[in-house]
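Now for the letters of each chain:
Protein chains: 10
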Amino acid sequence: MLFHVRMRVRLPHDLDPGVVERLKREEKERAQQLQRAGTWRHLWRVVGQYANVSVFDVDSADELHEILSTLPLFPYLDIEVTPLTRHPSALDPT
Amino acid sequence: MLFHVRMRVRLPHDLDPGVVERLKREEKERAQQLQRAGTWRHLWRVVGQYANVSVFDVDSADELHEILSTLPLFPYLDIEVTPLTRHPSALDPT
Amino acid sequence: MLFHVRMRVRLPHDLDPGVVERLKREEKERAQQLQRAGTWRHLWRVVGQYANVSVFDVDSADELHEILSTLPLFPYLDIEVTPLTRHPSALDPT
Amino acid sequence: MLFHVRMRVRLPHDLDPGVVERLKREEKERAQQLQRAGTWRHLWRVVGQYANVSVFDVDSADELHEILSTLPLFPYLDIEVTPLTRHPSALDPT
Amino acid sequence: MLFHVRMRVRLPHDLDPGVVERLKREEKERAQQLQRAGTWRHLWRVVGQYANVSVFDVDSADELHEILSTLPLFPYLDIEVTPLTRHPSALDPT
Amino acid sequence: MLFHVRMRVRLPHDLDPGVVERLKREEKERAQQLQRAGTWRHLWRVVGQYANVSVFDVDSADELHEILSTLPLFPYLDIEVTPLTRHPSALDPT
Amino acid sequence: MLFHVRMRVRLPHDLDPGVVERLKREEKERAQQLQRAGTWRHLWRVVGQYANVSVFDVDSADELHEILSTLPLFPYLDIEVTPLTRHPSALDPT
Amino acid sequence: MLFHVRMRVRLPHDLDPGVVERLKREEKERAQQLQRAGTWRHLWRVVGQYANVSVFDVDSADELHEILSTLPLFPYLDIEVTPLTRHPSALDPT
Amino acid sequence: MLFHVRMRVRLPHDLDPGVVERLKREEKERAQQLQRAGTWRHLWRVVGQYANVSVFDVDSADELHEILSTLPLFPYLDIEVTPLTRHPSALDPT
Amino acid sequence: MLFHVRMRVRLPHDLDPGVVERLKREEKERAQQLQRAGTWRHLWRVVGQYANVSVFDVDSADELHEILSTLPLFPYLDIEVTPLTRHPSALDPT
Numbered sequence: 001m002l003f004h005v006r007m008r009v010r011l012p013h014d015l016d017p018g019v020v021e022r023l024k025r026e027e028k029e030r031a032q033q034l035q036r037a038g039t040w041r042h043l044w045r046v047v048g049q050y051a052n053v054s055v056f057d058v059d060s061a062d063e064l065h066e067i068l069s070t071l072p073l074f075p076y077l078d079i080e081v082t083p084l085t086r087h088p089s090a091l092d093p094t
Numbered sequence: 001m002l003f004h005v006r007m008r009v010r011l012p013h014d015l016d017p018g019v020v021e022r023l024k025r026e027e028k029e030r031a032q033q034l035q036r037a038g039t040w041r042h043l044w045r046v047v048g049q050y051a052n053v054s055v056f057d058v059d060s061a062d063e064l065h066e067i068l069s070t071l072p073l074f075p076y077l078d079i080e081v082t083p084l085t086r087h088p089s090a091l092d093p094t
Numbered sequence: 001m002l003f004h005v006r007m008r009v010r011l012p013h014d015l016d017p018g019v020v021e022r023l024k025r026e027e028k029e030r031a032q033q034l035q036r037a038g039t040w041r042h043l044w045r046v047v048g049q050y051a052n053v054s055v056f057d058v059d060s061a062d063e064l065h066e067i068l069s070t071l072p073l074f075p076y077l078d079i080e081v082t083p084l085t086r087h088p089s090a091l092d093p094t
Numbered sequence: 001m002l003f004h005v006r007m008r009v010r011l012p013h014d015l016d017p018g019v020v021e022r023l024k025r026e027e028k029e030r031a032q033q034l035q036r037a038g039t040w041r042h043l044w045r046v047v048g049q050y051a052n053v054s055v056f057d058v059d060s061a062d063e064l065h066e067i068l069s070t071l072p073l074f075p076y077l078d079i080e081v082t083p084l085t086r087h088p089s090a091l092d093p094t
Numbered sequence: 001m002l003f004h005v006r007m008r009v010r011l012p013h014d015l016d017p018g019v020v021e022r023l024k025r026e027e028k029e030r031a032q033q034l035q036r037a038g039t040w041r042h043l044w045r046v047v048g049q050y051a052n053v054s055v056f057d058v059d060s061a062d063e064l065h066e067i068l069s070t071l072p073l074f075p076y077l078d079i080e081v082t083p084l085t086r087h088p089s090a091l092d093p094t
Numbered sequence: 001m002l003f004h005v006r007m008r009v010r011l012p013h014d015l016d017p018g019v020v021e022r023l024k025r026e027e028k029e030r031a032q033q034l035q036r037a038g039t040w041r042h043l044w045r046v047v048g049q050y051a052n053v054s055v056f057d058v059d060s061a062d063e064l065h066e067i068l069s070t071l072p073l074f075p076y077l078d079i080e081v082t083p084l085t086r087h088p089s090a091l092d093p094t
Numbered sequence: 001m002l003f004h005v006r007m008r009v010r011l012p013h014d015l016d017p018g019v020v021e022r023l024k025r026e027e028k029e030r031a032q033q034l035q036r037a038g039t040w041r042h043l044w045r046v047v048g049q050y051a052n053v054s055v056f057d058v059d060s061a062d063e064l065h066e067i068l069s070t071l072p073l074f075p076y077l078d079i080e081v082t083p084l085t086r087h088p089s090a091l092d093p094t
Numbered sequence: 001m002l003f004h005v006r007m008r009v010r011l012p013h014d015l016d017p018g019v020v021e022r023l024k025r026e027e028k029e030r031a032q033q034l035q036r037a038g039t040w041r042h043l044w045r046v047v048g049q050y051a052n053v054s055v056f057d058v059d060s061a062d063e064l065h066e067i068l069s070t071l072p073l074f075p076y077l078d079i080e081v082t083p084l085t086r087h088p089s090a091l092d093p094t
Numbered sequence: 001m002l003f004h005v006r007m008r009v010r011l012p013h014d015l016d017p018g019v020v021e022r023l024k025r026e027e028k029e030r031a032q033q034l035q036r037a038g039t040w041r042h043l044w045r046v047v048g049q050y051a052n053v054s055v056f057d058v059d060s061a062d063e064l065h066e067i068l069s070t071l072p073l074f075p076y077l078d079i080e081v082t083p084l085t086r087h088p089s090a091l092d093p094t
Numbered sequence: 001m002l003f004h005v006r007m008r009v010r011l012p013h014d015l016d017p018g019v020v021e022r023l024k025r026e027e028k029e030r031a032q033q034l035q036r037a038g039t040w041r042h043l044w045r046v047v048g049q050y051a052n053v054s055v056f057d058v059d060s061a062d063e064l065h066e067i068l069s070t071l072p073l074f075p076y077l078d079i080e081v082t083p084l085t086r087h088p089s090a091l092d093p094t
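Protein chains in written order, with UniProt numbering: chain A, 1 to 94; chain B, 1 to 94; chain C, 1 to 94; chain D, 1 to 94; chain E, 1 to 94; chain F, 1 to 94; chain G, 1 to 94; chain H, 1 to 94; chain I, 1 to 94; chain J, 1 to 94.
Calculated from the structure, these hints are not laboratory results.
The calculated EDC-like cross-link candidates involving lysine to aspartate or glutamate, where the alpha carbons are at most 16 Å apart (straight line), are:
1) F:28 x E:92
2) E:28 x F:92
3) A:28 x B:92
4) J:28 x H:92
5) D:28 x C:92
6) C:28 x D:92
7) I:28 x G:92
8) B:28 x A:92
9) G:28 x I:92
10) H:28 x J:92
Model the full structure from these sequences, guided by the hints.
Written as structure tokens, this is what we have:
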């Protein structure tokens, strides 16, 4: 099942730089782990913003929330989730 | 070059049914033609709305506009275009 | 899997009254059919508006879209879909 | 009487971690107490957000405000309250 | 129980003048009937708009919806309902 | 002359508790003083929010601004002012 | 007493041209009558829009509503009213 | 003096095709006339929309309004005007 | 040339009181200087808000920006600028 | 390829003044470097705001993001990117 997820990162400017580095590193590791698992299907950066557009392929909304809410950057993310379904004109549903 | 495009269809309720059918058929043909060409890379239906989220792979913004503005349903589409770029954590840029 | 769905009905004022009646009757039949099937889990009217808040229990987002997009009133509905998941403090997940 | 309540939690990032833990623990206790009393009828987590959608069954708006305004997390909650009523197509009013 | 209700009237410009007159007359009769009953507690016109701010005193949200949804002008009203409760500094709760 | 005023209180979370207590006490005293004078005609709490809806009866907009801008909590208030006038269907203008 | 009023004109495109001309002529006559009376104190056109920003000097909000709601174009106006008061730095209150 | 102008064209779908063609032709002629005069300094199409972003070089806001309000498509344009000034880092003010 | 300018002051609550006093004093001096010069043509306080509506009479947008951006409170101002032009029904253009 | 970019600068008021100065100086150097390279094609200040409207001429969206995300002020910028294309009435595509 596919979910379109838009994430905008809002890091407080007075957050400790060391913490910021660690969070970013952990976030990248987690993101790549999920991509290798085929769960984080697509991940694109929005031009000009500290934001991404992603598509997740999960078995349930519960699974999606588990993933998103345990992302290292989660406390600093504005997230919008839009469930997707096959488009009648789509040749390839993925 | 990837562009994220969100299209919402707003067909006037008093539009001639025959015109509506023709426009929908032509739109589907055009969409599938562009998918086969690899231009309309992703096409998903937004659950609960007459709307889609798409990703286009084009050589320029001019090409994208040429495609979108000549879609049969274009006069009835609310379109939002967001340019995408590779995410630093993305394993696969597409 | 639970989805929170908010529907607002916007019937054009110049729609044929006979059509309106038929659509409403069919919508009610369909809604009650889905409630009996346990799919349309909760259906409440928003006070003061021709709108409802609903919770659907479906196996997938595809199934939800199939249900919503084939509702008789679908062409006249503004729909917002919000995927739900179990709340850590919820005693009862439904 | 049913009220639809959407709560979004916005904890300041520089709030003392000990205070945060205590508030969360007390919030959970209170939420479960109200669920057992049948007042907090439904409690769902919004996927991807530190937010919930709830339905309260109370005897009056006064009672609802008393409950919401004394929640431990109240000072950090964005709350939207929507009164509900029975939908003419609903088989089960709850 | 008090509800704050904001109503904005949007009459289509091509609605038959006779119908408009009848609706307005019936709306006024109904509004005054409800005021005499003490239900429509306050009714003010918003300066510069075909809109009003009202306060209703009802026994339940169901009753409020019954009243609002059967107003002659209901199909042409944008309505926002805000439940009220006693303010801790209010000398008079009404 | 009646003005509808909606006030939302946004107290910074790191404001000194002693200052908060004093401001709230002074605000209550002032609000009750103005109610006794008949100026602050109606004062209701919005359910679920640290906000109120009020109706002021003043001789001029200048007087209203003088009152609002000298409220102890003024620096922490989001205020929306809507001038009211007698509704043609209102039996009682107040 | 001064009120800032922003008016945006939204004439339906299918309104009879003769009616439009009459309304415009009457609106101009009324506007100039009110200016001569000193009531419609300032009247400016917003660049690029069929809209104006005005300042009215009236004795009450009732009077302002009486003026605005009887403007020939009133049914086609989006109006926002903002009460003004003397600015502490203003040398001239008008 | 430079003004940034964003125009969105909203042609009613039931406008006579002949009228639409004439308006478009006249709009193009006028736009090119103003470009040759150096007034309509920049004119770009927004990708995916029947909208443009333009920069006008005029001697006054009056002149700009005269130009915009006499554009053939003016009745069907949503226009936003933003005055520009030289940026302190700009090497070329135009 | 007239510009309508709406300014909302958002002073951080933890700004040093001495700085706040100085900024306010300097702002008042500057505002009165510009009023005496005929540049700051109108200055009104919005009732209930720490905001003003002003009309500036300047020779160019550059001059307006120079004035606004050098106001002592500029770093704490939300500013909206709307260019004005003579209204066809205005007896007095100022 | 042209992109319209609107940037609004939101510097936290408690940011170290020395850091602010350095960032501004570096931002100016970078902006002028890009202008000399013909990449930052147009750069205008929005009157009354710490914001700019720009047009970039780049070979790809990737290049644009690389430029924007490495601007010294990037962490404090709200950025909106709108892809542009040649307008059918434009005499000069730039």
